Amino acid sequence: MAFGAFATSTTAAEPAARRKSPIALLLLLPGLLYLGLFFLVPLVSLVITSLQQPDPVVFGQYENAFRWENYVTVLQQYWPQTLRAFGYAALATLFALLIGFPLAYFIGITLRRWPLLQALALVLVIAPFFISFLLRTIAWKQLFSDEGPIVGFLQALAILPGDAAITGSAFAVVFGLTYNFIPFMTLPIYTSLERLDLRYVEAGGDLYASPPSTFLRVTLPLAAPGIMAGTLLTFIPAAGDYVNASREFLGSTDTAMIGNVIEANFLVLQNFPAAAALSLVLMAAILILVSVYVKRSGTEDLL
Amino acid sequence: MRGFGKYAIWVYSGMALVFLMVPIIYTIVFSFNDSRRTNIVWRGFTFDNWLNVCSAQGVCQAFANSILIGLVATVLATTLGTMIAIALVRYRFRFRSATTLLLFLPMATPEVVLGAGLAAQFLQAGVGKGIGTIILAHTMFCISFVVVTVRARVASLDPALEEAGRDLYASPREVFWRITFPLLLPGITAAALLSFALSFDDFIITNFNRGADVTFPSYIYTAAARGIPAEANVIASGVFLLAIALVLISQFSAAARRRKLALTP
Numbered sequence: 001m002a003f004g005a006f007a008t009s010t011t012a013a014e015p016a017a018r019r020k021s022p023i024a025l026l027l028l029l030p031g032l033l034y035l036g037l038f039f040l041v042p043l044v045s046l047v048i049t050s051l052q053q054p055d056p057v058v059f060g061q062y063e064n065a066f067r068w069e070n071y072v073t074v075l076q077q078y079w080p081q082t083l084r085a086f087g088y089a090a091l092a093t094l095f096a097l098l099i100g101f102p103l104a105y106f107i108g109i110t111l112r113r114w115p116l117l118q119a120l121a122l123v124l125v126i127a128p129f130f131i132s133f134l135l136r137t138i139a140w141k142q143l144f145s146d147e148g149p150i151v152g153f154l155q156a157l158a159i160l161p162g163d164a165a166i167t168g169s170a171f172a173v174v175f176g177l178t179y180n181f182i183p184f185m186t187l188p189i190y191t192s193l194e195r196l197d198l199r200y201v202e203a204g205g206d207l208y209a210s211p212p213s214t215f216l217r218v219t220l221p222l223a224a225p226g227i228m229a230g231t232l233l234t235f236i237p238a239a240g241d242y243v244n245a246s247r248e249f250l251g252s253t254d255t256a257m258i259g260n261v262i263e264a265n266f267l268v269l270q271n272f273p274a275a276a277a278l279s280l281v282l283m284a285a286i287l288i289l290v291s292v293y294v295k296r297s298g299t300e301d302l303l
Numbered sequence: 001m002r003g004f005g006k007y008a009i010w011v012y013s014g015m016a017l018v019f020l021m022v023p024i025i026y027t028i029v030f031s032f033n034d035s036r037r038t039n040i041v042w043r044g045f046t047f048d049n050w051l052n053v054c055s056a057q058g059v060c061q062a063f064a065n066s067i068l069i070g071l072v073a074t075v076l077a078t079t080l081g082t083m084i085a086i087a088l089v090r091y092r093f094r095f096r097s098a099t100t101l102l103l104f105l106p107m108a109t110p111e112v113v114l115g116a117g118l119a120a121q122f123l124q125a126g127v128g129k130g131i132g133t134i135i136l137a138h139t140m141f142c143i144s145f146v147v148v149t150v151r152a153r154v155a156s157l158d159p160a161l162e163e164a165g166r167d168l169y170a171s172p173r174e175v176f177w178r179i180t181f182p183l184l185l186p187g188i189t190a191a192a193l194l195s196f197a198l199s200f201d202d203f204i205i206t207n208f209n210r211g212a213d214v215t216f217p218s219y220i221y222t223a224a225a226r227g228i229p230a231e232a233n234v235i236a237s238g239v240f241l242l243a244i245a246l247v248l249i250s251q252f253s254a255a256a257r258r259r260k261l262a263l264t265p
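Residue numbers (UniProt numbering), protein chains in the order written: chain A, 1 to 303; chain B, 1 to 265.
Hints are computed from structural coordinates only; laboratory data are not their basis.
All values derive from a computational prediction rather than experimental measurement.
Virtual Cβ for every residue (Gly too), placed ideally from N, Cα, C.
To give a feel for the contact side, a few chain A residues facing chain B, derived at Cβ under 10 angstroms:
1) L29
2) P30
3) L35
4) G36
5) L40
6) V41
7) L43
8) T49
9) P128
10) S145
11) Y242
12) E248
13) I286
14) V290
Start from the sequences, fold in the hints, and give me the full structure.
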């Protein structure tokens with residue numbers, strides 16, 4: 001699977017002597033041109049759109065300009081949604097790690113002696129990928145609804161006040177994000193733990209390290225590439241997500257994230273410059289955060 | 001303490017796996033709900049939704065669109081991505097680091113940015129949005145995942161096998177189609193399956209570039225406001241059960257093959 005995508009590429013040794021040949025160009029060119037045309041050019045389109053100004057004659061049309069104030073306007077107007085997106089994404093990443101790491105450890109190390117159970121558990125972790133994530137999110141919405149079983153149970157126990165709701169709250173959105181990204185967190189950690197040579201852990205014990213210190217100094221560093229890949233695969237899409245926080249799913253207007261604002265501005269309000277400026281803000285913030293994170297964790301050769 | 005710790009990880013992980021399954025089981029169970037207009041309250045068991053899947057307006061059209069888009073985008077992305085993967089492992093060329101960066105960036109960019117970018121581009125170019133633009137978009141984000149998946153397979157390929165072919169006077173074309181390609185096929189298949197799964201379940205990028213055409217996820221998103229019909233649950237459950245069956249078959253046949261290999265001396 002491609003969940004090692006973000007992990008360091010120390011696995012298979014590549015042939016030492018690569019040939020130089022015009023064939024390389026023929027193989028690379030179609031795909032790279034495609035990515036240039038449908039990934040890089042759209043980014044340029046976003047930059048151009050983000051600087052546009054309203055057409056003075058035709059209402060709802062925009063003309064090219066250099067209105068950098070658009071960025072100031074959208075940040076002034078939407079800074080709460082922007083900060084909220086990063087806050088929710090960080091919380092969801094943390095919770096997904098707290099659930100995903102033990103799960104990956106269990107499947108990759110504890111279940112080694114039972115290959116059949118291990119295969120089955122792995123299928124269960126991949127299973128959510130095979131069923132529409134929108135329907136899974138709707139399922140949580142209905143389980144959490146005011147008439148649903150969870151609210152009723154919590155109210156019966158008096159944990160939740162009689163008039164309280166779960167859907168539409170920050171809790172529900174972070175819950176949904178966490179749920180949706182647990183497999184993305186678990187699988188890369190599993191791939192790095194599955195390869196872990198248990199003799200290293202034994203060596204730690206032989207050298208009189210306590211189990212917690214063996215875990216911290218042996219297991220955790222060896223799982224680091226997986227943790228790093230998992231946190232990126234969770235944080236990046238979670239920060240841009242707008243399904244969980246949408247009103248029809250687990251959120252409300254109070255939980256709107258930057259993705260919701262981009263969607264509303266582009267597809268509903270047709271305020272293309274605002275949507276484009278916000279998209280670029282989101283992308284820049286993510287690239288900065290990711291590069292700082294990658295530098296600090298010391299694994300720089302991504303992909 | 002050690003014994004307790006061992007026990008605890010079984011319980012904790014078991015709970016996590018159950019947690020992952022809850023909405024899946026909910027979705028499947030509610031595909032059998034005898035619902036009238038909305039599928040929220042349980043009204044009793046029925047097979048009707050499974051027997052008349054297309055009775056909900058537009059759901060089968062959306063499903064067919066998603067299959068079509070998934071197939072075309074998979075073929076395009078798998079072809080382009082496999083070519084890049086071979087070039088990355090086998091050849092020396094300039095701009096290698098720029099190439100890997102160009103492949104990495106689409107995976108590190110939030111979908112909403114990719115979607116809005118393409119939509120802005122199509123708007124400026126005056127291209128009408130529809131199934132065609134959805135296919136263009138899906139192919140774009142699948143390429144990088146194909147490269148990552150196939151590349152590992154190319155790297156683990158023993159060059160001696162191809163050399164042997166050349167020693168036996170096979171033309172470069174024959175070497176590729178009779179040695180390289182069959183050896184790469186498991187990786188290419190995995191990449192194609194991944195592409196199809198990514199395309200089939202994509203909602204965010206699709207929503208920005210679909211125009212008036214509807215895919216299965218965008219059908220659900222639109223229906224969410226007024227209640228999702230049980231027929232959507234039927235389609236999702238059917239796809240899920242089929243996929244799980246395929247995964248289990250491939251897992252068990254791989255295990256059986258390993259056992260066979262272990263037995264032959």
